[in-house]
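2 protein chains.
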Amino acid sequence: MSGCGVEHSLISVDQALKLIVEKTQALSVESIPLQQTLNFYLAENVYSPINLPLFSQSAVDGYAICAKDEIEAEAVFDLIGEIRAGQTTDLFLQQGQAMRIFTGAKIPVGTTTIARQEIVDLLDLNQIKVIEQLKQHADLRDVGEEIAIGQCLAEHGQQLSVGAIAALSMAGIQQVQVYQYPKIAVVITGDEVAETIEDFASGQIFDANAPLIRAWFAQRNQQVDIFHVADTVEAVKTLLHDLIKSYQLILTTGGISVGDYDFIRPVALDLGFEQIFWKIKQKPGKPMFFAELSKVDQTHCYLLGLPGNPAAVYVGMQIYTATLLNALQGQKQLPQWFQARLSHDLKADTRERFLRMSAHFEQENLTVKSLGKQQSHMLSNLMHANSLVRIPAHEQMQAGQIVQGIFI
Amino acid sequence: MSGCGVEHSLISVDQALKLIVEKTQALSVESIPLQQTLNFYLAENVYSPINLPLFSQSAVDGYAICAKDEIEAEAVFDLIGEIRAGQTTDLFLQQGQAMRIFTGAKIPVGTTTIARQEIVDLLDLNQIKVIEQLKQHADLRDVGEEIAIGQCLAEHGQQLSVGAIAALSMAGIQQVQVYQYPKIAVVITGDEVAETIEDFASGQIFDANAPLIRAWFAQRNQQVDIFHVADTVEAVKTLLHDLIKSYQLILTTGGISVGDYDFIRPVALDLGFEQIFWKIKQKPGKPMFFAELSKVDQTHCYLLGLPGNPAAVYVGMQIYTATLLNALQGQKQLPQWFQARLSHDLKADTRERFLRMSAHFEQENLTVKSLGKQQSHMLSNLMHANSLVRIPAHEQMQAGQIVQGIFI
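Respectively, the protein sequence lines represent chains F and A. According to the UniProt record's numbering, the stretch in the first sequence is residues 1 to 408, in order. According to the UniProt record's numbering, the stretch in the second sequence is residues 1 to 408, in order.
In case anyone wonders, no lab produced these hints; they're calculated from the structure. Just so it is clear, the structure is predicted and the values come from calculations on it, not from any experiment. Ideal Cβ placement from N, Cα and C applies to all residues, glycine included.
Below are the DSBU-like pairs computed for lysine-lysine, each with C-alpha atoms no more than 30 Å apart in a straight line:
(1) F:LYS135 x A:LYS286
(2) A:LYS68 x F:LYS373
(3) A:LYS279 x F:LYS129
(4) F:LYS135 x A:LYS347
(5) A:LYS373 x F:LYS68
(6) F:LYS183 x F:LYS23
(7) F:LYS129 x F:LYS68
(8) A:LYS237 x A:LYS286
(9) A:LYS135 x F:LYS347
(10) A:LYS135 x F:LYS286
(11) F:LYS332 x A:LYS369
(12) A:LYS373 x F:LYS135
(13) F:LYS135 x A:LYS281
Derived list of chain F stretches under chain A, where covered just means 3 residues or more per stretch with a C-beta under 8 Å from a C-beta of chain A:
(14) 160 to 173
(15) 257 to 267
Across the chosen pairs, the derived CB separations fall in these ranges:
(16) F:LYS332 x A:GLU395: 38 to 44 Å
(17) F:PRO33 x A:ILE32: 27 to 33 Å
(18) A:ALA322 x F:GLN175: 25 to 31 Å
(19) F:ALA230 x A:GLY150: 31 to 37 Å
(20) F:SER28 x A:ALA322: 32 to 38 Å
(21) A:GLY157 x F:GLN336: 27 to 33 Å
(22) F:HIS228 x A:HIS241: 49 to 55 Å
(23) A:LEU125 x F:GLN336: 49 to 55 Å
Excised from the complex, chain F in its bound form (with noise of 0.2 Å):
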């Protein structure tokens, strides 16, 4: 069998990403306070329960003014009270008459406009003079002018950023509706690899797969189980057969390709997984393999193996892993890939690839420019690259051509 005619077999990286979004189903739905909710996912539309402004009030620190028409320079109010911030008060305001307030305090009834105090003299402890022109309503913040009272504030799908949890909180939403995040064991697997400096013999290679895939589910503040097994049949099968029990999706280092110590897939299929697809025409991580378990109790779980070397590891995690997560999460969506100029000409490769390159900004456009070091064991490019660069198979790039990437 030649190199070729395997190649052909492959799916590309588009229909990989595409079967990750059709095949997977979202996890159920639950309802958790707000402040546990960073970058999940809403199963719902959040509407206001109030009007934001909750009430009128002050833009500033100044004056509440009752003036039937706009106020003429030096004009003089009395001072009646008053109002800070969180505060209420029974006072109204009549015509002529002052109080003092604060930014954000509830207006008094009767308040027209108010006078920021940087425009304000005290005349006396009963007497103000404002001593610029001013129009109606000026510095007032009006009840609801943001949002009312049951108007959509946030809709099903929406992922909740930090601005997202600020605005949600400020309307006083507690409690939301969002997809499960899955419970996720990683499977390290090989015989190879050294863990500690005690286990490190010749032979024997420091492990970069489990600090990777940990660090990178930390960084989107998230923690994973991590399994160390060794390449035998019986080792895997024991585990894998453990694991479907409790976790909801199983990603897997090495142990994927047609080796006669590649024992993941065989194993899985053997435990009744079924295949979504083995082998992306792609460089690094061609022998990348999906498959899905449905359970008794229609639950799912999911198995992406990814190959063991580290460069094929971290593609695996930034495009599929990231695209299967959202799509256990209900988000069908593809990677969102920002468009780059190439700074160089680049060789054709029978495969796409994934170039670790440096992204930056000439003016507005952003241009690429591939780093050294790229094979599929060698990971040291990534302490200066900042984006993961789509490269066509076939194709003879030149300097100039738009590419697809992603920040890294």
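Fit chain A to the given chain F structure using the hints.
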């Protein structure tokens, strides 16, 4: 005193950022396990203790072969054993011999090239035939070809991203010197702040600031301690006096303007803080306050006073707190602004503005578009914003002009 006169005494955004970078002293350095260092900054150069690859190895599953010259198609070799990744062998290859080998396995002594399994036929248990012509040194990874022992892997000041942690792990690095992350207290001022539905009463508002700040730090994988304080000199003084003993950074929200109940600044000065700046010519967030306390033990406590309006807090965190946190960790760097093309005209304003915008790529050109509801007490447009964009003061901006911003 007119509003105009006040504006003239304010410093610019760039001046404020420069003062933060110049005046902030880096915290001390500590040695911590690599896997706990996500987003920390290195306080040392890290040199590789090993070669990478650690030993010469096969890049594929196939056969290690000993042949003096290039191999002709149909050449036959004696199969004398097998070597897996993570194993070593006492066997060595002589002219005309081959060993089964797997990706990442250490090549046996005598290996001149690797035949990938796709181009090999197994004739019987003891003989293989290489069906294609094969060069010397094919699919071999040489010891040290990525990194040589003693080579600098990562430089002082490098931020430890997911990829950096993976790359250092692969070289066997387990512990690194990093700049300490500050212990941070957040003080939420304001009697008008209702934190729970039970506190909610007429004149009070829901607090967006504590959830915003908590989520902002969670996004960076960090925690902070949050305190609420009443609007009295005594309460503010008691709390700050306590916090300066054990925190290196105090962030406050509200209470830093010139209102009669704005106690943060006077209390801080009273406790011995020296003002670095107060008031920035920007919108939102004019009354921002930054001060430093030198303690008897030669350490410092910094106080960044953010305004109380949530939009100002958001800008304060993204622009100023982020810069300050970097400076505290030895990174004296200004924000890395992108450049983008404005998609519409904008009216001039007397102060520089940070507008919440939607940024997107048209081909490789980044374009930004302003969203509605930009006032400092409004946050709801953060549901749709993905960038904060600087609009210079006193300039009538035209569609197509280049502006600076950050992604949020």
